[in-house]
Amino acid sequence: MFYRLNNRFLLKPLYSFQTLKTSTAIENSTKNKVTLINKKYDNVPYKKYFTGRAYSNQTRLEEMIVDYNQVKRAVSNQNSLIVDVREPEEIKKHGKIPNSINIPLGNVSNVLNSMSDIEFEQIYGRKKPKDNTEIIFYCMIGKRSGMAQQNTISLGYKNVKNYVGSWTDWASRNQ
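Heads up, the sequence shown is in UniProt numbering, so the first residue is 1 and it goes up one at a time.
A couple of the hints might just be wrong.
Unchecked claim - Once the Cα atoms are required to be at most 30 Å apart in a straight line, the calculated BS3-like pairs of lysine-lysine come out as:
hint: 1; residue 1: Lys158; residue 2: Lys127
hint: 2; residue 1: Lys130; residue 2: Lys72
hint: 3; residue 1: Lys158; residue 2: Lys130
hint: 4; residue 1: Lys128; residue 2: Lys96
hint: 5; residue 1: Lys158; residue 2: Lys72
hint: 6; residue 1: Lys158; residue 2: Lys128
hint: 7; residue 1: Lys72; residue 2: Lys127
hint: 8; residue 1: Lys158; residue 2: Lys143
hint: 9; residue 1: Lys143; residue 2: Lys92
hint: 10; residue 1: Lys128; residue 2: Lys143
hint: 11; residue 1: Lys93; residue 2: Lys127
hint: 12; residue 1: Lys130; residue 2: Lys92
hint: 13; residue 1: Lys92; residue 2: Lys128
hint: 14; residue 1: Lys93; residue 2: Lys143
hint: 15; residue 1: Lys143; residue 2: Lys127
hint: 16; residue 1: Lys128; residue 2: Lys72
hint: 17; residue 1: Lys143; residue 2: Lys96
hint: 18; residue 1: Lys96; residue 2: Lys72
hint: 19; residue 1: Lys72; residue 2: Lys92
hint: 20; residue 1: Lys127; residue 2: Lys96
hint: 21; residue 1: Lys96; residue 2: Lys130
hint: 22; residue 1: Lys158; residue 2: Lys96
hint: 23; residue 1: Lys72; residue 2: Lys143
Unchecked claim - Have a look at the derived ranges for each label pair, beta carbon to beta carbon:
hint: 24; residue 1: Glu89; residue 2: Ser172; range: 31 to 39 Å
hint: 25; residue 1: Asn102; residue 2: Gln150; range: 18 to 26 Å
hint: 26; residue 1: Glu121; residue 2: Ser172; range: 15 to 23 Å
hint: 27; residue 1: Ile101; residue 2: Gly156; range: 15 to 23 Å
hint: 28; residue 1: Arg173; residue 2: Gln122; range: 15 to 23 Å
hint: 29; residue 1: Glu89; residue 2: Glu63; range: 17 to 25 Å
hint: 30; residue 1: Ile141; residue 2: Ile101; range: 17 to 25 Å
hint: 31; residue 1: Gln70; residue 2: Lys130; range: 28 to 36 Å
hint: 32; residue 1: Gln175; residue 2: Lys130; range: 15 to 23 Å
hint: 33; residue 1: Arg173; residue 2: Asn113; range: 19 to 27 Å
hint: 34; residue 1: Asn79; residue 2: Gln150; range: 33 to 41 Å
hint: 35; residue 1: Ala171; residue 2: Arg73; range: 13 to 21 Å
hint: 36; residue 1: Asn69; residue 2: Asn113; range: 29 to 37 Å
No lab work stands behind these hints, which were simulated from the structure alone. The beta carbon of each residue, even a glycine, is placed where N, CA and C say it ideally should be.
Make the full structure from the sequences, and use the hints.
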């Protein structure tokens, strides 16, 4: 059984405190009509849920990815940290974005979570990012940088972005 709310489908929970007559529509406090898609049961248990952006603290996808122009601006911004998560051999072979630092994917969580501020600055020549610092990850094609982004978000960093075009896009525009 499904419910539809503003073109979103919601699964019916298996537990409830109320019962829904299938011939009626529910209206929640946001005044959005919920219509029942499958009307073959007379008394269906349901539980009201709030849905939608107004009740979500999740970041939208558009706010989590960056393009070439945003990365180009970040290169000269001392408040942004650009991190290449490729292996050092890949960087030697292909190159890197200016002012970026290299933290291989397997080390990202450990470095950002466990390394002291002083040690980070000694190794990378940049201040260790705070939880609201803009951090942009990139790799060769955007896959590993996406994993690094998710790992970093799980550590509590709030302004973490993925350059989806990554090195492939950067190199093609800077030949």
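Each hint, compared with the structure:
1. Between the alpha carbons of lysine 158 and lysine 127 the distance comes to roughly 17 Å, so the proposed pair stays at or under 30 Å and holds.
2. This hinted pair checks out: lysine 130 and lysine 72 have alpha carbons roughly 22 Å apart, not beyond 30 Å.
3. A C-alpha spacing of about 9 Å is found between lysine 158 and lysine 130, which places the hinted pair at or below 30 Å, so the restraint holds.
4. Our distance criterion of 30 Å between C-alpha atoms is met by lysine 128 and lysine 96, whose separation comes to about 20 Å.
5. Proximity of lysine 158 to lysine 72 is assessed by CA-CA distance (about 21 Å); at most 30 Å being required, the pair is judged to hold.
6. Proximity of lysine 158 to lysine 128 is assessed by CA-CA distance (about 14 Å); at most 30 Å being required, the pair is judged to hold.
7. For the hint pairing lysine 72 with lysine 127, the CA-to-CA distance comes to about 20 Å; that is within 30 Å, so the pair holds.
8. For the proposed pair lysine 158 and lysine 143, the alpha carbon gap of about 20 Å is at most 30 Å, so the pair holds.
9. Taking the CA atoms of lysine 143 and lysine 92, the gap is near 20 Å; set against the 30 Å cutoff, the hint holds.
10. This hinted pair checks out: lysine 128 and lysine 143 have alpha carbons roughly 24 Å apart, not beyond 30 Å.
11. For the hint pairing lysine 93 with lysine 127, the CA-to-CA distance comes to about 27 Å; that is within 30 Å, so the pair holds.
12. Taking the CA atoms of lysine 130 and lysine 92, the gap is about 29 Å. The hint holds against a cut of 30 Å.
13. In summary, the hint linking lysine 92 to lysine 128 is supported, as the alpha carbons are separated by about 24 Å, within the 30 Å threshold.
14. For the hint pairing lysine 93 with lysine 143, the CA-to-CA distance comes to about 19 Å; that is within 30 Å, so the pair holds.
15. Between lysine 143 and lysine 127, the direct Cα distance comes to roughly 26 Å. Compliance with the 30 Å bound is thereby established for this hinted pair.
16. Only pairs whose Cα atoms come within 30 Å are accepted, and lysine 128 paired with lysine 72 is accepted, the gap being roughly 21 Å.
17. Pair hint lysine 143 plus lysine 96 holds up; C-alpha atoms about 16 Å apart against a cutoff of 30 Å.
18. Under the criterion of a C-alpha separation no larger than 30 Å, the hint pairing lysine 96 with lysine 72 is consistent with the structure, at around 13 Å.
19. This hinted pair checks out: lysine 72 and lysine 92 have alpha carbons roughly 21 Å apart, not beyond 30 Å.
20. Restraint check: the Cα-Cα separation between lysine 127 and lysine 96 comes to about 20 Å, which is no more than 30 Å; the hinted pair holds.
21. Between lysine 96 and lysine 130, the direct Cα distance comes to roughly 24 Å. Compliance with the 30 Å bound is thereby established for this hinted pair.
22. This hinted pair checks out: lysine 158 and lysine 96 have alpha carbons roughly 25 Å apart, not beyond 30 Å.
23. This hinted pair checks out: lysine 72 and lysine 143 have alpha carbons roughly 20 Å apart, not beyond 30 Å.
24. About 21 Å separates the C-beta atoms of glutamate 89 and serine 172, a value inconsistent with the hinted range of 31 to 39 Å.
25. Look at asparagine 102 against glutamine 150: about 19 Å separates their beta carbons, and that is inside 18 to 26 Å.
26. A beta carbon spacing of about 33 Å between glutamate 121 and serine 172 contradicts the range 15 to 23 Å that was offered as a hint.
27. Checked against the hint of 15 to 23 Å, the C-beta distance between isoleucine 101 and glycine 156 comes to roughly 20 Å, which is consistent with it.
28. Here the CB-CB span from arginine 173 to glutamine 122 is close to 33 Å, at odds with the stated 15 to 23 Å.
29. For glutamate 89 and glutamate 63, the Cβ-Cβ distance of about 33 Å falls outside the hinted range of 17 to 25 Å, so the restraint is violated.
30. Take isoleucine 141 and isoleucine 101: their Cβ atoms lie about 20 Å apart, and the range 17 to 25 Å holds.
31. For the pair glutamine 70 and lysine 130, the beta carbons lie near 20 Å from each other, so the given range of 28 to 36 Å is not met.
32. Distance hint check for glutamine 175 and lysine 130: the Cβ-Cβ separation is about 35 Å, which falls outside the suggested range of 15 to 23 Å.
33. Separated by about 33 Å at the C-beta atoms, arginine 173 and asparagine 113 break the suggested range of 19 to 27 Å.
34. A hinted range of 33 to 41 Å for the beta carbons of asparagine 79 and glutamine 150 is inconsistent with their spacing of about 23 Å.
35. For alanine 171 and arginine 73, the Cβ-Cβ distance of about 18 Å falls inside the hinted range of 13 to 21 Å, so the restraint holds.
36. At about 31 Å, the beta-carbon gap between asparagine 69 and asparagine 113 stays in the expected band of 29 to 37 Å.
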